[in-house]
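Peer 1: Going line by line, the protein sequences match chains A and B. The opening residue of the first sequence carries number -18 in the numbering used here; numbering runs sequentially from there. The opening residue of the second sequence carries number -18 in the numbering used here; numbering runs sequentially from there.
Don't read these hints as lab results, they were simulated from the structure. Treat the hints with caution; some may be incorrect.
[Claimed, not checked] To give an idea of the interface, some chain A residues facing chain B are shown, with a C-beta separation under 10 Å as derived from the structure: (1) V(-14); (2) V(-9); (3) T13; (4) L17; (5) S42; (6) P97; (7) V98; (8) L131.
The structure presented is a predicted model; accordingly, all values stated were derived computationally and were not measured. Glycine included, each C-beta is placed from N, C-alpha and C at the ideal position.
As a plain string of letters, each chain reads:
2 protein chains.
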Amino acid sequence: MAHNVLPQPVQRLIDEFARLPGIGPKSASRLTFFLLRGAENQALELASALQELQARTRFCSVCFNITEMDPCVVCEDSGRDPNLLCVVEEPLDLLAIERSRAFNGRYHVLHGAISPVEGVGPEDLRVAELVERVQGGTFREIILATNPTLEGESTALYLQRRLAGTKVKITRLARGLPIGGDLEYTDEITLSRALEGRQEFS
Amino acid sequence: MAHNVLPQPVQRLIDEFARLPGIGPKSASRLTFFLLRGAENQALELASALQELQARTRFCSVCFNITEMDPCVVCEDSGRDPNLLCVVEEPLDLLAIERSRAFNGRYHVLHGAISPVEGVGPEDLRVAELVERVQGGTFREIILATNPTLEGESTALYLQRRLAGTKVKITRLARGLPIGGDLEYTDEITLSRALEGRQEFS
């Protein structure tokens, strides 16, 4: 009789890998067999890292940055300008801006950008929380630091409309950023220039 | 003060993902943030699948196929021809041959192919175990079913030399046109092999 199925634990791991973005069935098999053959305990190390991620990290209840403590260290830092708010798509974007050392205000992490193609609407992002925070806060300026991509621009435009009634000055990063690029990997000088040259949203 | 490091559990998972083949630092970040945002408990599901893989699977001590029981179901199947041995690179190759239903003998899984470029030598594969198995066994024919690639061909050549003293008949899979293929689009090397291996019309 032909023996034509993988052991269930092998098939299960292939299926789990294939659920991740950018990993197809072939890559999922390759990763699984790499771990099967592999380097002592690498599968268990990865499992433990996944469990630790789930157990020890959360979103900051103020800015939605990823953090071990709530509120996060940025929100807890009293040396930061409470009148300035920078809105980013992802936690890694926040880190990139921090590395530029050109910003000393507060942040708000959206966790994505509006993308009709991928079915991501404003209700999937931290937009309601942003509007509430701005309405109830002391912010004088909001920098929309979304990515210089189609999705990022749409998101900025949408936010500008949603925040139009609040009388807060709305700016966005200067076009020092190359269109189609990725904020996370932009060098520090370019990011500094983009922050310095920010312009009023019109 | 600039806050410019990721929480340690996040960085740890990025590092673990980046150790996997074909996943660079950027993909590793993307996977990690996908899981952070993600679908309820997907990180824990993946962790559990990894632990189950480690706990419930092993290599068959006879043929080195991946299995939950040792020996594996193929080795335990008394209905299979004990004189015929098929040598493959990977467990997935074994499954592909099983799906063809054209083979009813035994298997031996090498777990790779000889590749000087990637630093894989015969000592990294289950070659010694193969030689021992053939010398101590009742095999009359060994089919070297390695892949039709440079590495697979080198491996087959090496095995043919190592097994030359055993008087067992050594064969390999036919090279030729794939069924359903198109002669016009077939590459030159495949066409050369198909011509060399031409057979009398019967």
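Peer 1: Broken hints, numbered, in rising order?
Peer 2: Numbers 5, 6, 7, 8, in rising order.
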